[in-house]
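Enquirer: Given only the sequences and the hints, what does the whole structure look like? Please build it.
Residues in the sequence shown are numbered consecutively from 0, following numbering that gives the first Met the number 0.
Hints in this document: simulated from the structure, not taken from any laboratory. Any given hint could be a false lead.
[To be verified] FRET-style restraints, in silico, Cβ to Cβ:
| hint | residue 1 | residue 2 | range |
| --- | --- | --- | --- |
| 1 | 53 | 111 | 18 to 26 Å |
| 2 | 143 | 74 | 28 to 36 Å |
| 3 | 104 | 59 | 12 to 20 Å |
| 4 | 82 | 102 | 27 to 35 Å |
| 5 | 75 | 97 | 17 to 25 Å |
| 6 | 69 | 151 | 19 to 27 Å |
| 7 | 94 | 61 | 17 to 25 Å |
| 8 | 95 | 157 | 25 to 33 Å |
| 9 | 131 | 53 | 17 to 25 Å |
| 10 | 157 | 102 | 30 to 38 Å |
| 11 | 41 | 157 | 31 to 39 Å |
| 12 | 76 | 49 | 18 to 26 Å |
| 13 | 109 | 82 | 14 to 22 Å |
The C-beta atom is built at its ideal place from N, Cα and C for all residues, glycine as well.
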Amino acid sequence: MDRTLIPSAIAGTIALLALSGCAGETDTTTQGPGDRDPYIGSALVLTTADTDLGEIVVDEEGRTVYVFDDDDPGTNSSACDAACLENWPAVISQDDPTGEGVEGDLGTFTREDGFEQVTIDGQPLYYYAGDSASGDVNGQGLQGLWWAVDPDGDRVTDGAQNDDQNDEQGDDQDDSGGLDY
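Expert: Printed below as a string of structure tokens:
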């Protein structure tokens, strides 16, 4: 066999494999910050739910959204870094979010990772990884930094975990309220 055909055959195979990888369907389920469902390909709908905390803002699946006291509202930035996002995934939406029963001003800003993080009255919104079911509010008041939000966009401080609970959880948490595993 001619030795010049072997490199040509290998190059042709590599090119074919590279092109076939480009021909696949676009994955619209790409995971975002914190590897939570980022609503890629659709606009997030925020609504309200009655809980032990009163009426709070939740997503369309009933998951509680939170604000972080270390964020500066209106600065189009998040103080929650990559380690923090593992436990406090950003609420993101590809299109402008909408609200049903939500009076606060909804918007987005582009994060450093390229995702559009949802805001209410300029405050970035997050989920809590410790909330496993719709209606859970396990992140409420953690470390005195994380708060559910009322329909007007104000943080809800009622129902904050007491100091004993925060002290017990503090052993497993970093300063951002994220759990250290």
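Enquirer: Would you mind marking each hint as holding or not holding in the structure?
Expert: Now for the hints, and whether the structure bears them out:
1. Checked against the hint of 18 to 26 Å, the C-beta distance between residue 53 and residue 111 comes to roughly 34 Å, which is inconsistent with it.
2. Residue 143 and residue 74 have their C-beta atoms about 21 Å apart, which leaves the hinted 28 to 36 Å range violated.
3. Judged by the Cβ atoms, the range 12 to 20 Å given for residue 104 and residue 59 holds: they are separated by roughly 19 Å.
4. Against the hinted window of 27 to 35 Å, the Cβ-Cβ separation of residue 82 and residue 102 comes to about 33 Å, which satisfies the hint.
5. Restraint check, residue 75 to residue 97: a C-beta distance of roughly 20 Å satisfies the suggested window 17 to 25 Å.
6. The beta-carbon spacing between residue 69 and residue 151, approximately 21 Å, falls within the hinted interval of 19 to 27 Å.
7. About 21 Å separates the C-beta atoms of residue 94 and residue 61, a value consistent with the hinted range of 17 to 25 Å.
8. Range check, residue 95 to residue 157: Cβ separation about 30 Å, and the 25 to 33 Å hint holds.
9. At roughly 22 Å, the beta-carbon separation of residue 131 and residue 53 lies within the given 17 to 25 Å, and the hint holds.
10. Remark: the range hint 30 to 38 Å for residue 157 to residue 102 is contradicted by a beta-carbon distance near 18 Å.
11. Hint check: residue 41 to residue 157, Cβ distance near 32 Å, so the stated range 31 to 39 Å holds.
12. Look at residue 76 against residue 49: about 32 Å separates their beta carbons, and that is not inside 18 to 26 Å.
13. At about 21 Å, the CB distance of residue 109 to residue 82 agrees with the hint of 14 to 22 Å.
When held up to the earlier numbered hints, the structure conflicts with 1, 2, 10 and 12 and fits the remainder.
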